[in-house]
Amino acid sequence: MIDAETVGVLVMLIGLYGIMVNEKPIKQVLSVNVLSVGLVLFFIGTGYVPNRTFPVMPANPVDPLPATLMLTTLVVDVALTALALALITDMGVDA
Amino acid sequence: MIPLLAALPLLFAFATALLIPLHRNNLTKYLFLTGAFAPWVVFLFGGEGSEVVGGWTRTGGIEVAVGPYSRWFILAELLLFSIAALYSVVYFRGKVKPFVLLLLIHTGLLGAFISRDLFNYYIYMEVVSVSTFSLVAFPRDSEAKRAAYKYLMLSMISSYFFVFAVGLLYLKTGYLNLYLMSRAVTQSKEVVAAIAIAFTSLLLKAGVFPLHSWLPDANSVAPTPVVILSGITVNVPLYGMLLLSKYLPLSIHFKTALTSIAFVSMFVGAGMALLQRDAKRLLAYSTVSQMGYALIGLGTGNLLGAVYYSFAHAIIKGGLFLSVGSLSDARGSRRLDALSYRGDTLIAVSVIALSLAIGGVSPFVSALGKAELLRGLTWGRWLFYLAGVGTLAAFAKLNYWLSRGVGVGVAGVYRFLSIVPPLLVVVFGLYLYRALQPLDVVIVGAGILTFALLRLSGLTGRGIGFDLPVGRDVSINAALYALFLLFLLHVL
Numbered sequence: 327m328i329d330a331e332t333v334g335v336l337v338m339l340i341g342l343y344g345i346m347v348n349e350k351p352i353k354q355v356l357s358v359n360v361l362s363v364g365l366v367l368f369f370i371g372t373g374y375v376p377n378r379t380f381p382v383m384p385a386n387p388v389d390p391l392p393a394t395l396m397l398t399t400l401v402v403d404v405a406l407t408a409l410a411l412a413l414i415t416d417m418g419v420d421a
Numbered sequence: 025m026i027p028l029l030a031a032l033p034l035l036f037a038f039a040t041a042l043l044i045p046l047h048r049n050n051l052t053k054y055l056f057l058t059g060a061f062a063p064w065v066v067f068l069f070g071g072e073g074s075e076v077v078g079g080w081t082r083t084g085g086i087e088v089a090v091g092p093y094s095r096w097f098i099l100a101e102l103l104l105f106s107i108a109a110l111y112s113v114v115y116f117r118g119k120v121k122p123f124v125l126l127l128l129i130h131t132g133l134l135g136a137f138i139s140r141d142l143f144n145y146y147i148y149m150e151v152v153s154v155s156t157f158s159l160v161a162f163p164r165d166s167e168a169k170r171a172a173y174k175y176l177m178l179s180m181i182s183s184y185f186f187v188f189a190v191g192l193l194y195l196k197t198g199y200l201n202l203y204l205m206s207r208a209v210t211q212s213k214e215v216v217a218a219i220a221i222a223f224t225s226l227l228l229k230a231g232v233f234p235l236h237s238w239l240p241d242a243n244s245v246a247p248t249p250v251v252i253l254s255g256i257t258v259n260v261p262l263y264g265m266l267l268l269s270k271y272l273p274l275s276i277h278f279k280t281a282l283t284s285i286a287f288v289s290m291f292v293g294a295g296m297a298l299l300q301r302d303a304k305r306l307l308a309y310s311t312v313s314q315m316g317y318a319l320i321g322l323g324t325g326n327l328l329g330a331v332y333y334s335f336a337h338a339i340i341k342g343g344l345f346l347s348v349g350s351l352s353d354a355r356g357s358r359r360l361d362a363l364s365y366r367g368d369t370l371i372a373v374s375v376i377a378l379s380l381a382i383g384g385v386s387p388f389v390s391a392l393g394k395a396e397l398l399r400g401l402t403w404g405r406w407l408f409y410l411a412g413v414g415t416l417a418a419f420a421k422l423n424y425w426l427s428r429g430v431g432v433g434v435a436g437v438y439r440f441l442s443i444v445p446p447l448l449v450v451v452f453g454l455y456l457y458r459a460l461q462p463l464d465v466v467i468v469g470a471g472i473l474t475f476a477l478l479r480l481s482g483l484t485g486r487g488i489g490f491d492l493p494v495g496r497d498v499s500i501n502a503a504l505y506a507l508f509l510l511f512l513l514h515v516l
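Protein sequences, first through last, are from chains A and B. The numbering of the first sequence is my numbering, which starts it at 327 and goes up by one. The numbering of the second sequence is my numbering, which starts it at 25 and goes up by one.
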C-alpha cells in the first residue's frame, strides 16, 4: 500500500504544478495551500510508526516531533495566506 | 544569555504594538530605539559559546550559539540595523506599525544567525520574510503590492520545500540539531536529495541567478529603511547554506556546480546592473552579483572567505541603498538621469567610497573578503577579476549619472547617516586587513574604461526590462524553480 509520505510528496508536486499553470493570483495562493497540505501530510507520515499509540502517556508512542513542527508550519501558512489575499485585493489586477 | 539577542527585540516589538490600543503613539520612538539597541549589550558582554535554551540536553532542546562565523553576521546585522533604525525614526515619523515590523525583522535576523537547529532557523527566516513582505507592501501604490506579492509567493514555495528537505534530513538522521545531525548522517540518496532541495530554496531566497527575479522588484519599491536592511536579509539564506555546508557532506560535483552557479550569477548580475536605468534596480542587480561572490566561498569550501565577504557586502550595500534611496526619495524618482549628488558632499563621498569598496578595492574591508575568496579558488581566477571589472563598470555608470545634473537637498539626518557606512568599511578594513593591492588600480581603470566604451557604443543607455502580468511572472519563476531543482538533483 502507498504510504503517507509518498502521497504527501505527490500532493506537494501537484501544488507546485498548480502555481506553474495558473496565472490568476487567487488560484496561485490556493495552489500554495495545496503545496503546504502536502508538506503537512509528509511530516505526519514520517512520525507515524505502525502499531504504536498516541504520545500522551509514554507507552510505546509514535514520534510526536513532526506533528509539533507542523503546528508551527500551519500557523505560518495561515498568516501568509491572509497576507497574500490582502495583497491581491490591493494589487489592482484581475484576480 | 545568547537567546536574549533575539528575545529582546521581540519583547520590544510586542510592547511597541501595544502602544496602538493604549493610544500612546508618542512613546513609539523610545521603545523602538531601546529594542533596536538592546541586543548590542548582549552581544558585547555576553561573549561567545553555545547553549541550549531552557537548560535541556542537546538532543531534546534548541541550541543557539555565537561562533567564529556567526559573530560576523551578528556584528553586521547590529551595525546595519542601528543605522536603519536611526534612519527610520525620521522616515516613518508619526507611524507605529512599521516600527513593530522592523523590530520583528531585527528579531528574525538575530535569531537566524544564532540558530544551530534547522527548524528553528527556518522559523526565524520566516519571521524576517513575513515582516519584509509587509514592509515592501507599505507604500500605497499597486506596484509595491505586486512586488510584495511576487516576493511572497516565490519565498513561500521555497520555504515549504526547505521544510520538506529538513523533514527528509530528520527522517534519515533523527535530529534537527545540526551538530547531532552531522554525526548521525550517512551518505544516502535521501540526504543528497535533501541537500539539493534545501540549497535550491535558499538560493532563491538569497537572490542568486536564475532565481533572483523577485529581488530587483522588491528592492526598487520598498521604503528606504527596508532596502537598507536588504544587505543583511539576503545573508540569512546564505548563513543557512553555510551551516549546511559545514555540517553535511557535500559531494565534489555539487561544490563545482555551486561555484559555476556563483560565476554565472556574478556575471549576469553585473551585466544586468550595467543595463539598468533605474538607480535602485542597478543596486539590486549588483546584489545578485555579490551573492555570487559569497557563494564562491561555499563552493570552494572556504567558509571564512564567504563570511568576510558577506560582512563587507552587507554594510556596503546597506550604505549604497541609504545614499541612493535618500536621493531618490528627495527627488521623487528612481531614474538615473533624474538623480544627482551635486552639491551634497557627504552623500557624494559616501557613494564614491562605497562604489570603490564594492569592487573590493584594497583599503576597504571588502578587499579582505576578496583576498580570502581568491585564496581558496583553484580555477577561474581571471573570471573572478573580470567580474570585479564588470561590477566597477556598473558603479562607474551610477557615479557618471549621479555626478551630472542638479542636486536636491537631502535632509540633514540622512546626510549624516550616509557617511557612517563608508567610515565603518574603512575602519574595519584598516583593522582587519592592512595591505594595499597595486592590482586594484588596474581593475578600477578597466572598470571605468569598460563603462566608457559601452557608453560610447550606446549599449548602456538602452535599458532592459520585461513587463509581465504579476501572475504570469510568478508562474514562470515557479517553473524556473522547479527546473533549477531538477538540475541540482541531477548534478548530485
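Check the hints yourself; a few may be wrong.
Stretch-level coverage of chain A by chain B, calculated; a stretch enters the list once three of its residues show a Cβ under 8 angstroms from a Cβ in chain B [as the list claims (entries may be wrong)]:
no., segment
1, 342-352
2, 360-372
3, 386-398
4, 411-417
Computed beta-carbon distance windows for the label pairs [as the list claims (entries may be wrong)]:
no., chain 1, residue 1, chain 2, residue 2, range
5, A, V333, B, R359, 43 to 53 angstroms
6, B, G70, A, P390, 29 to 39 angstroms
7, B, G325, A, Y374, 33 to 43 angstroms
8, A, L411, B, W406, 43 to 53 angstroms
9, B, R82, A, A412, 34 to 44 angstroms
10, B, G469, A, L397, 36 to 46 angstroms
11, B, G71, A, M383, 20 to 30 angstroms
It should be emphasised that the hints constitute simulated quantities derived from the structure, not laboratory data. Given the structure is predicted, the values throughout are model-derived calculations rather than measurements. Backbone N, C-alpha and C fix where the C-beta goes; we use that ideal spot for every residue, glycine too.
| message | Hint compliance check: list the failing hint numbers for this structure, sorted ascending. | response | 10, 11
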